Amino acid sequence: MRPSPVSVLVAATFVSCVAALDSRTCHRTWKGREHLHPNVYKLPPPTDDEMDEMRSLPRHLDWCERGMCTPSWNQHIPVYCGSCFAHGALASVNDRIKILHHELGWKRPDVMIGRQSFLNCAPGHGLSLGCKGGEPADVYEFMKVYGLPDETCLHYNATDYTKYITASNPNGTCPPEGFCIDCMKTPDSPETPVCFPVSSMVRYRAKKYWRLAGEHAMMKELQHGPITCGMACTNEFVFNYTAGIFRDTTNFTELDHDVEIVGYGEDEHGVKYWRARNSWGTYWGESGFFKIVRGENNLVIESDCHVMVPDVSDDKFVWDKVHPAYGGSIYGLRPYDQNQIAHIGYPLENSSDISWNNTQHYSHELLHKPKRPMPMKLGSTPTPSNAWIQLVMVALVAGAGGIVAGVVGTSFRRALYERIG
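According to mature numbering (1 follows the signal peptide of the UniProt record, and there is no 0), the residues represented by the sequence shown are -20 to -1, 1 to 401, in order.
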């Protein structure tokens, strides 16, 4: 059997990336959409109708200029953690929650979703590999199933679920205190501070989320709020970018990072750009932000974007200055006004009711179906047996060139791409 050129290309990428995992700690999981990787699938140009629609949109949009951006983060402290996917995903969620609160007329402080709660608890349920990488969809699926508290539950310490792995807990599913915790002296322990899980808190959830790609889709969705996009990172971008509009000239396409796109525009010379927020601190780039050329898929920043619509329904339990349904305590939220609870129609969910130590692993599929034919024929999806044959063939070729890579498994559903964060 002669494998197709595309399947060989994808398989070769898979082999090289598996080999790279020995030396890198962060990678990308494409989960059944290997055919959409920038090395394989070239974005088609916009249609005439899409060009017309883009021309009808505002020429300049920046959610930060509108006052709708929350504070920036730094994923690299206190130690390195390859959690760029979580930072990029949650940065857009934070800002979309701020936009939603503004639309609802709620003049309240910014919400910063708990990164550490996610890194502690999601990987044990099959959603991401914690500090070794993941996808924005891992974050959004966890928020859809469980929800996430804000960061007052746990500060970011750049660790993950691996601290919970034991012989009896091989998946590293987190205990309740890994989701939300408090530490202080109590009436039962007046001399020595103790730590205990907080079981009732406002949780922010995902109503829905999806994947998009291309300049037209990105500009159109940005009218509603920031989005999260993957990108490739060259050394020039990481270590030498300071300000201005970045343009890569090396055609680097190994997608290994996630950032938040907050807007777009054109400079005085008519150069189109995206404005994006990184997660490397405000001392990097333009106060933590950067610009990159738009409409060229530079550093493949237009190839793999995600959008999440937040659900802030838990806010109504506490966001009432006169008669809140719940009030707060050291141990978590407690009922305050039963009439208000009855009016809302359901009680606040208690996190102790969640079976954190269950064995169910959630998954997500975000298959992107282009509106028009792909520019290259990809062929049919190989069966596991055919895929294994193709992987063996590629491995043999690589071995002849002096490259040795061990590939375990019989399924060709996943391709791993390293993420440096």
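One or more hints might be untrue.
To be verified - Okay, derived cross-link-like pairs now, DSS-like style, lysine-lysine, Cα gap no bigger than 25 angstroms in a straight line: (1) LYS124 - LYS296; (2) LYS252 - LYS87; (3) LYS22 - LYS296; (4) LYS112 - LYS87; (5) LYS124 - LYS188; (6) LYS22 - LYS87; (7) LYS200 - LYS187; (8) LYS200 - LYS188; (9) LYS187 - LYS22; (10) LYS112 - LYS124; (11) LYS200 - LYS143; (12) LYS124 - LYS200; (13) LYS143 - LYS22; (14) LYS188 - LYS296; (15) LYS22 - LYS124.
Unchecked claim - Pairwise CB distance ranges (calculated): (16) PRO173 - GLU276: 52 to 62 angstroms; (17) LYS200 - GLU83: 30 to 40 angstroms; (18) PRO170 - GLY47: 13 to 23 angstroms; (19) SER169 - ARG314: 17 to 27 angstroms; (20) PRO173 - MET34: 32 to 42 angstroms; (21) LEU84 - PRO173: 47 to 57 angstroms; (22) SER309 - PRO25: 23 to 33 angstroms; (23) GLY224 - THR27: 47 to 57 angstroms; (24) LYS200 - PRO327: 20 to 30 angstroms; (25) ARG88 - VAL289: 48 to 58 angstroms; (26) GLU83 - ASN319: 25 to 35 angstroms; (27) THR230 - GLY325: 54 to 64 angstroms; (28) ARG227 - HIS40: 17 to 27 angstroms.
Honestly, the hints are just simulated from the structure, not real lab data. Please read these numbers as outputs of a predicted model, since none were measured by experiment. No residue lacks a Cβ here, since even glycine has one placed at the ideal position from N, Cα and C.
ask   = So which hints don't hold here, by number, going up?
value = 2, 3, 4, 6, 9, 11, 13, 15, 17, 18, 20, 21, 22, 23, 24 and 25
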